[in-house]
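Asker: Each of the two chains sits in its own frame; use the hints to bring them together as a complex.
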Amino acid sequence: MKLKVCGMKYQDNIAQVAALQPDYLGFIFYKKTPRHFDTKIPELPENIKKVGVFVNEEVGTIIQKVNEFKLDAVQLHGEESPYFCSILQSTTLLSRPIELIKVFSVLDGFNFEILEAFENVCDYFLFDTKGKLPGGNGYQFDWSLLNHYPSTKPFFLSGGIGLDQVDEIKQFKASEASKYCYAIDVNSKFEKEPGLKNISALKEFINKLSDKKMQNYNVDDKGYYGEFGGAFIPEMLYPNVEELRQNYLKIMAEPDFQKQFDQLLKDYVGRPSPLYFAKRLSEKYNTKIYLKREDLNHTGAHKINNTIGQILMAKRLGKTRIIAETGAGQHGVATATVCALMGLECIVYMGEIDIARQAPNVARMKMLGATVVPALSGSRTLKDATNEAIRDWINNPVNTHYIIGSAIGPHPYPDMVTRFQAVISEEIKTQLKTHEGRENPDYVVACIGGGSNAAGTYYHYLHEEDVNIIAVEAAGLGVDSGESAATSVLGKEGIIHGCKTLLMQTKDGQITEPYSISAGLDYPGVGPMHAHLCKTGRAEFMAITDDDAMKAGLELCKLEGIIPAIESSHALAIFKHKTFKPDDVVVMSLSGRGDKDLQNYIEYFKI
Amino acid sequence: MNRIQKKLQEDKKLLSIYFTAGYPHLNDTVSIIQDLEKNGVDMIEIGLPFSDPLADGPTIQDSSTAALKNGMTTEVLFSQLKDIRKTVSIPLIIMGYFNPVYQYGVEAFCKKCQELGIDGLILPDLPVDVYQEKYQAIFEKYGLVNVFLITPQTSEERIRYIDAVSNGFIYMVSTASVTGSQSGFGDVQTEYFERISNMNLKNPQIVGFGISDNKTFTTATTYTKGAIIGSAFIKHLTSTGTKHIGDFVKKVIS
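Protein sequence lines correspond, in order, to chains E and U. When the letters of the first sequence are read in order and numbered with the UniProt record's numbering, they come out as residues 1 to 607. When the letters of the second sequence are read in order and numbered with the UniProt record's numbering, they come out as residues 1 to 254.
For the record, the hints were derived by calculation from the structure and aren't laboratory data. There's no promise every hint is true.
List of simulated lysine-lysine pairs, PhoX-like, C-alpha gap at most 25 Å [claimed, not checked]:
no.: 1; chain 1: U; residue 1: K134; chain 2: E; residue 2: K507
no.: 2; chain 1: E; residue 1: K492; chain 2: U; residue 2: K112
no.: 3; chain 1: E; residue 1: K492; chain 2: U; residue 2: K82
no.: 4; chain 1: E; residue 1: K492; chain 2: U; residue 2: K69
no.: 5; chain 1: U; residue 1: K13; chain 2: E; residue 2: K507
no.: 6; chain 1: U; residue 1: K12; chain 2: E; residue 2: K507
no.: 7; chain 1: E; residue 1: K492; chain 2: U; residue 2: K111
no.: 8; chain 1: E; residue 1: K507; chain 2: U; residue 2: K112
no.: 9; chain 1: E; residue 1: K535; chain 2: U; residue 2: K134
no.: 10; chain 1: E; residue 1: K222; chain 2: U; residue 2: K112
no.: 11; chain 1: U; residue 1: K111; chain 2: E; residue 2: K507
Far from chain U by the CB rule (all over 12 Å, computed), these chain E residues [what the hints assert, rightly or not]:
no.: 12; residue: A15
no.: 13; residue: E57
no.: 14; residue: E254
no.: 15; residue: Y443
no.: 16; residue: E464
no.: 17; residue: H497
Cβ coordinates follow ideal geometry from the N, Cα and C atoms, glycine included.
So that you can see chain U by itself, here it is in the shape it has in the complex (with noise of 0.2 Å):
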């Protein structure tokens, strides 16, 4: 079993935390990786930066950016990850937008992944049907979760399809938006994720965009097995530098 599938398992509400690699130093990735695991962080996100993030606001956008000038190419951080096994036990995901990992070759960027130990992707761009295609198969020849994003938006149909076609879990998009663009919760929110849960999904859900506290977190985590916090995260790092992750984690799950 995949780490992600044997930690969705676990009894009890997971925070995954996203970073772009290579922000704010080039060399910044596997330090990151290892303080969120230190401090109770159950699952990561590293970003592959992109140069036209369209689902992303301007938080992420720039640290990708920054990232980029930085430096970071898919190589790099291959090989930043290259011991990353050795230290780090909790399920790793890459996130980033497809034109990258079509470059490298979807092949070979999957079996790279499986040597490193990567346990999943999440492609915002890679449209759930091109993948059942074309990829599905080569993901699992290489034990690589995909993972696909419903909005308040999907139809329900569309919703059973991604369903059906996932094996770990479904990144519920809290609100009709880009990254970081929302503070907090309201009914349609709690309306949406109740209706979601109601639906008895083989996958669990996890909720991401807006997510940045832990009142956020709570509400997010009322109907779903966990949360995901990006732009707020990164905007801890732009503030505060890498030396303080523990500070951000514990105002989450305190």
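Isolated chain E, as found in the complex (with noise of 0.2 Å):
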């Protein structure tokens, strides 16, 4: 069924919509509606049809509003003839051909023998609710009465659908009723105010409504997610990639070592982690909300879960030497801490501008016996740390492996990640059918930077149809200030660190620096299955500002008592920018704590 946006007013919005595809969107020249079109319409894509909608207006107007805006078609929606359909059908002229829509009002009965006359003179009807305004009344008319639809001609069903009519129109293209329904029209339902359209609430409408089955959101044989992922990598990787590719899946599955990865998450780590009631954030965003602690593991965030995995992937491939890139020093700190459960010698390569930034997190890596490794190339930051990272490993291809901390890296680092993190929604869903009743929520949040924590809180949701997924990134100072990270807007499809995903980069192909307030969202790229779910509208994407991410954290300590890692901060703001149902309940991974941003969180506030 074809999609009809009407209503149109605004320029920036106007694009916007049309970035959704719509099949159609409705210009209305009629003065008396609040959503008149006065202005220009910006270019669109040539597979979106333009249509004017008028109302008892005189011929010579609408031919001069065609030519004018180039309309691919006029929609009648007051009292015209069929006489006066006929002139507009036979009329030469109009400079370009149009289809004709003409509108019927319905309320409860319709006489569906006034159509005949029609018949001839127009392509499709509309049928609209009545009300007291020719259209834009928001609200339904019965559908049922189509049952007696005595016609042939397709039909435009029209007249209050909204968000919430999404099951209704589903069960109402199952019937014989939608057997001539060509397009749904829509308008006020997605509004902010009149003429001014609600872009993720239409995204949403149309993912909802949309015939594709669901896609596989998981790593393909090849190590793709679509056409993301793979292994980019210099043939010095191959043989320690290979290797681990070879091995990574018969090792996860090996009873033995399940049961000792389990073990150690309860016993060393506190698994698992509680799914908390945010009474007083749920109650100011009225909504439910619920929120993943992971911050209470040991050491302080999700990066832990990883850890522990490759910890004992590394041990039973038989390497002697960990070697692991770090940004804030949360990853570092991770893989130092199982190095000295598990006795092997470690060493963390972190940018020279982090180590200076992080001293804390230096001082614990080196407590755990750790040697830090200044990154002294390039902007001397996480990326550069991930490039000596990996000359590490080219220069050492035998005794060592090294722990990549997010779901970036070549196949099957991304995966192989994903999996250790996983554990997060494996809980989620035993936890929350205890509180509400149900394992699915209707939305999971994180933030995502490479994108670690959001994998793990993502994965047994990915094909779950009716859980919907938001990734929050991080905008910085505005995502059109040129400090920003973030990648989905941003960035453009290219190789980074071994993999194909979305990065930011130059028009030539060169990386560019990203910035966020948190040290954890600050990377040019994001995981290779979160490009995927980017690319195929699964998720929804959000940024979020250093100056909303801060003022949320503030917010979560002082309703809830929680004082959260700035990069958890950002999914907490997306609540300041969307607008959830009372009976939402929406779970967001609380991916680490707020210690080690102790000093970020006083220069900001001068605390």
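Answerer: Structure, rendered in structure tokens:
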């Protein structure tokens, strides 16, 4: 079924709606509506048809508008006669052929006999709700009346259709009454104000009505998520990566491995981490918010789930030396911790600049017995630390395992890290069942840099159609400020650190420096799984600025007595920008605790 | 026949030199190439600088960073090479990382290379299987040789696969390392060179990584067709500038 979005008014908003690829966009040329269109239509993709909506307008005016705005269709919303329609259909004054849509208003009953006179003078019928105004009344008519539709002419279904009607539309689509239903027409239920469409609501509507079968969001045999992923590595790394690729699933499936992994997560990390109903936060935003308390894990974040898994993997592969990269130091600490636990040598690469700004974590790593090596090249931050770790691995191909801290890198890393982090969503399912009597929330939300906590939070929900996925990126000083890490907006398909994904780069393919107040989100790419979720529309991506994140972090302190990591604060900030329904269940990963960020909070709020 | 293939048939050990385009100065590219040829170098790898060169050590990374800072881009390099075939006849290879090529468009890049008289590409992070599946036909359409790397850890089976897909030479990485990180060869390398030599591959091998002077050049080419010098030449440019290229080459092949 086609989609028409009607009542377009504002330039930027028109472009945003057009990006969602509706089949028709409606522009109302009727002065008595607040959605009256009186500006220019921006350049639109050719496959979107522009519809001019008129109410008892003169033929000359309609012709003039069609020619001026290059309209593809005319929708007559008043008491236009069949004769009027026939004039429009036969006039030679139109510069282009048009589709003619005649509207009929329906409420409790409808006399279908009146359609007959219009059969030969228009292309489509449109059934709207009868109300005080000609259209835009915002409520539905009784669709079952269409069971008596006597014609074979395709029609548009209109009148008060919004997100709440998704189930009804699905039922309608399955019923006989929809046999000739050609398109759904939406307007006022997707508006922030008259004429200004709500993009995220429209996106959600389109996704929910999509006929597409759920795609596969897991990695395929060759290491790809759709078009993203793979292993773009120099030959020097091939033996290491190949050894891992051939063994990781086998090892993870060993009962001994699973037992040891589960045991350590329980006794050492402190899992399961609680799923906490944030009562006061929920009251404030009038919805049901649950926080998955990864901040309560040993070492203070989700990172340890992955390092425990990988150190056990390294042991089984016979490796004696561990290397890792770290940005803020969280992954470095989590790696140094498990190396101490297992008695393995540990070398952590960290950008020189990060070493200076994250002194406590550097000290932690040293206390845990790790050697911290400064990355002196490039921007001397996370990206360069990753380069240095990869170089170390090239130089030490036999005895060394590289514990990558995020869901990035060459295959099988993104998948392996995701599987180790998947314990997060596995636990949410069980815990939510206890709290709410159901395993699936309406939304799962996580912040995303490379995306390991997000990957773990989404994993068991990827193929659950009723669960909406929200990924929260760091907008830094603002997406358009030049100081941002919002990869889904600013990034383009390319190759970074061994995989094809979305990444921030120059036109020339040089990787650019991201910016975020949060060191953990300060990465120029996202994991390939997330690139795929973004590209397919499975996940909604939101970008949160430094300011909004910091305020949301402080708000959680005051409302719930929890000091979150600044990374997690980005996720918390979405409640200011997106409205949830009172009975929506929103599960959010609170990926880390804020102790490491105290200095940042102190400086920001002048505490 | 491609210039690389022709050159490989010559009865001599080949010296190939790598330098980073745009370093030390943006517009040094053409004169460096001309000087290298004049002084008897057999083949040149023109480095297209990349922001994150994973397989390179600090010397080449620093030269890449400097080149980018100098304003080097794919377009600039192509415009510098516009008339290169009017003065230079030895094989020219562009060596870089895959992302800049991917962003330019692989086919557009290859087409441009053909127009300019570039003979081959070395893209260390474009894996052989992806190349074979997606890009081999394009490279061949534009008459380009693609060169793959092997290392002491590469399995025999994989070497055979790479040999089958290659149509010029095999870039034999002397040791498990990034560029510019070692000096001199030991028994381990000699054994490795001999092992590969005994495989009787259809493509000749040229050794890279760790060659810096006449001694290492001689050792490396005992079992192989030639050797590539990169970091040592960049270091020479850094310390003496572009005026004494002949001195460097003479020291290697005297």
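Asker: Does each hint fit the structure? Answer for all of them.
Answerer: Hints, verified against the model:
1. U:K134 to E:K507: holds, 22 Å
2. E:K492 to U:K112: Roughly 23 Å separates the two Cα atoms, so the pair holds.
3. E:K492 to U:K82: violated, 29 Å
4. E:K492 to U:K69: Holds, because 22 Å separates the two Cα atoms, which is no more than 25 Å.
5. U:K13 to E:K507: violated, 40 Å
6. U:K12 to E:K507: violated, 42 Å
7. E:K492 to U:K111: Holds, at about 23 Å.
8. E:K507 to U:K112: This hinted pair holds, its Cα atoms lying about 17 Å apart.
9. E:K535 to U:K134: Roughly 21 Å between the alpha carbons, so the hint for E:K535 and U:K134 holds.
10. E:K222 to U:K112: violated, 31 Å
11. U:K111 to E:K507: holds, 19 Å
12. A15: Given that every Cβ of chain U is farther than 12 Å from that of E:A15, nearest at about 25 Å, it holds.
13. E57: Label holds. Min Cβ-Cβ 49 Å, cutoff 12 Å.
14. E254: Check passes; 25 Å lies beyond 12 Å.
15. Y443: holds, 34 Å
16. E464: Non-interface label stands for E:E464: nearest chain U Cβ at 33 Å, farther than 12 Å.
17. H497: violated, 8 Å
This entry does not satisfy hints 3, 5, 6, 10, 17, going by the numbered hints stated previously.
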